[in-house]
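> Top to bottom, those sequences are chains P, F and C. Here the working numbering is used: the first residue of the first sequence is 17, the next is one more, and so on. Here the working numbering is used: the first residue of the second sequence is 24, the next is one more, and so on. Here the working numbering is used: the first residue of the third sequence is 73, the next is one more, and so on.
Quick caveat, the hints were computed from the structure, so don't treat them as lab data. Note that this is a predicted model, so its numbers are computed, not measured. Just so it is clear, CB atoms sit at the ideal spot from N, CA and C, and this is done for glycine as well. Among these hints, one or two may not hold up.
Per label pair, the in silico range of CB-to-CB distance [unchecked claim]:
{"hint": "1", "chain 1": "F", "residue 1": "M197", "chain 2": "C", "residue 2": "L218", "range": "57 to 65 angstroms"}
{"hint": "2", "chain 1": "F", "residue 1": "T92", "chain 2": "C", "residue 2": "G193", "range": "37 to 45 angstroms"}
{"hint": "3", "chain 1": "C", "residue 1": "S325", "chain 2": "P", "residue 2": "G302", "range": "39 to 47 angstroms"}
Computed list of chain F residues with no C-beta within reach of chain P, every gap over 10 angstroms [claimed, not checked]:
{"hint": "4", "residue": "A50"}
{"hint": "5", "residue": "T93"}
{"hint": "6", "residue": "P94"}
{"hint": "7", "residue": "G253"}
{"hint": "8", "residue": "T266"}
{"hint": "9", "residue": "R276"}
{"hint": "10", "residue": "L281"}
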Amino acid sequence: MTALTATTTPAARPALHRGGLLRAVLRTHRTALALSLLALAAASAALVWLHSLENEARAGVSACATPPMDGLPSCAAVEAITVDQTYANGIAFLATALSWLMFAVAAWAGGALVGRELESGTAQLAWTQSVGPLRWLTAKLAAPAALLTAGTGALVLLNVWARGEADPDLVGDWYYPDAFVSTGPVAVAYALAGLALGALAGLVWRRALPATGVALAASLLLHSLLERHREDLWPTVGRTAPGSIELPRSAFQVTWDTPAPHGVHISHATFHPQSHFWPLQYVETGLLLAVAGTATAAAFLLLARRLP
Amino acid sequence: MTDTAIEAAGLGRRFGRRRAPALDGCAFRLPAGRVCALTGPNGAGKSTLLALAAGLLRPTEGTVTVLGTTPAAARERLAYVAQNKPLYPQLTIAGTLRLGRDLNPRRWDAQVAERIVAEGDLDPDTKIRALSGGQRTRVALALALGKRPELLLLDEPMADLDPLARHQLTATLMADAADHGTTVVMSSHVVAELEGSCDHLLLLGSGRVRLAGPLDDLLAAHTLITGRAGEALDPHTVVESRTTGRQLTALVRPEGHLGDGFQSDRPSLEEVVLAHLRSPDAPPLLLDAREAAV
Amino acid sequence: MTALTAATPPAVVRHISPSRGLVLAMLRLHRTALLFWVGLVVVAAGALLWAMGPGADAAWAEYTDMGCDLSRPNLGCDFPGPANSRYETAVAVASGLVRLLPLLTGAWAGGALIARELENGTAQLAWTQSAGPARWLAAKLAVPALLLVTGTLTLTLLHRMLWSSDQALISVGWRAWHDDGIFEINGTIAAAQALAALALGVLVGLLLRRSLSALGVAVLALVSLVYVVGELRPHLWPVKTVVTGLDDATAGSDGMIAETGALTASGARVPIPSCSGEPGCEARIGITHYYADYHPASHFWPLQLMETGLLLAVAALATATAFVLLRRRTGAAV
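Just chain P, with the same shape it has in the complex (with noise of 0.2 angstroms):
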């Protein structure tokens, strides 16, 4: 037996094993890559060729008032005339489904990345092979979260390249939901975020539609409450006059109070202005990533505490 492990032992097999377990991975998942890549670059397409109708599209937007005065005309007429509909609802589709991209990571992590390989044994399969368990782990998270880091981050680019300086009018403000997650890191944090989760709920369900569902609930609520709580994650300024007040053009309203102390009404708004985008993100991005180096932490956790 000796004899026979040392001619199939080349010196320089060593090298060849982190790649082994990686091609490994790839290739159980072909599906999903195949699947992955189509849309990267389905959407890179759209990206690219939305930006190409830019220039032509913020060309068309102008003021207007409802109801119509001042001589502005009305909006609903200025909204059905002028907008290049396709360029917005392009820019609008491709906002959601970035921001909506956890969700989809999350089930693919839960069902057919963990839950289905732990229900049909095919992981006790891995593991009794030549890595073990922490490895296998290891492997099947990095090299989805590599391929999302980069694949999201160039869409984020992308996206931010093919809104240009375009009018908040036409791609909607820096705060609105979909267009915030869209245009910054959190993107790529968010389906890290779902690949954390969905992993998670895998090991502790190890079933795959149970798994699917958990992690798809899990990001669901995670989305949601970042979505409502998105404006107290940096101090807000605050504003006060008499009467009413303008608040500048995109800025993130955030309260609006209009106490009557002494029969004057006094306005108090607080507000981000546009120059939160950035500690907001980096902030909102922190949290993501933690939570889903909890997930992480917790999984291998699990893994290491159910095996011996």
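Assemble the complex: chain P is given as a structure, and chains F and C must be docked to it using the hints.
Structure of chains F and C alone, referenced to chain P:
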């Protein structure tokens, strides 16, 4: 290299607090190089014991040592085929074997794996999904043997194979074990299937070890006797005794000379196993393989 | 002994009709899904009932405290306070759950109800019981269909009560009768969508026979169906047309708009030109009027029934295909 393949001490595994343990206080030693039959009725704990040895379950009590180390550390040197023969349904046979190569880069022997597949007349480009149960078993065994394990743990490996494939695969396994000194543990509840191919026996019942030791020694330790009813069987250990009319039939472990009133026979493996299964209260017999193996 | 046997037969021999047995088996088998569905209906109904009672009272009290019911409301009325946002959240939870329903139903029907059984072989197990494959499929469709319709119609009735009682708060929330999410839950469309989702999910499950793929494909199919039917919606009933002068382009905007455009002197329909409010621009290029094809609120029921019919036709087609598929696959045994 150690001369012990598996050694268990006080090994127990419980699934849930309320249920009876699947394994309870198991202690045995399996020397390396043996082909061990692991048998017992349904629910005796055979699959649990194999999963514990493969490092897929954590014992709730006691320890199990595999190839001189912990099961987790020995994973690279052992192969395990689970009862339901899990394989990736979306891969082809060739893809499955490539997976084995990728996951076992230091040990993979493509020739062995390909030969086992070829012996079953299987096209390497067939998807696992399209295979019958027996064909899947063949691929699972190819994956296990391609790893060149020092210890091969097989859970009901032959259950869905046709007689010809069973014969052929058993021969392949035995040849491999003989050539490379591989230790094989295979579970089955078909006792007759094991007698020709195994040289060691581990009988489980209700999560406990009932019989353990080299097959020949275990058989030699038992005698099937017939005599007149009412004849005293002391001081022999009685495994099972039945009285039909005036005649007494019993399986005993003789302690010294048997009385002249008995006619004694050598029991078959099946008789020994069945007698133990029918008498759950018979004392266990654990022959220390350390001495017997010499 | 005879006394004992005489006493027991009623329990043993009592005949359960095969259909009833199948229904009971189904409910037992999909207990988690049943509990989930009951929980969803309870949560949505609870949210609606709360919104109709204490929620609406508190929101309205807050609204009047802010002086927003007066003729000159201030800008702050666009961002009502916490009581209003609680009210909005409760209504949004209920209608959001109903909007999610087709996707959840389709995913479950494709994945857990059918494909997992085919994948595991438990379907074959059921087929070899005395019920047979066609009965099996009929039970798989009928029991969830009944439960889905009952639950959805309950929510529809509750939402209609809310809609008719809290008109003022609804206009605060900028909701209109033809909005996506409100139009469906206020009529029969929500229930029809659930039925179409069930039938499509079952068909996809039978076609693909693998739970995760069936789940994914069913969800995609339903997203497309809901989108396509939503696009068709304004065209399912003859529209009313309103023609206005050049100074008013908002005609029909309180109804469901099917199409808007401009009219030339000869009456030809042309797209609205991009004039950007430039005075006299329309007249210069020969535009004399604007028009809008729209549905007034009185078209609610004709539109509802047409769309319900369309969805039920999809459901029936999918169901028929599923039965034909099963018959082909299992041979004449059906």
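> Which numbered conditions among the earlier hints are violated in the structure presented, ordered from lowest to highest?
Violated hints (numbers, rising): 5 and 6; every other hint is consistent with the structure.
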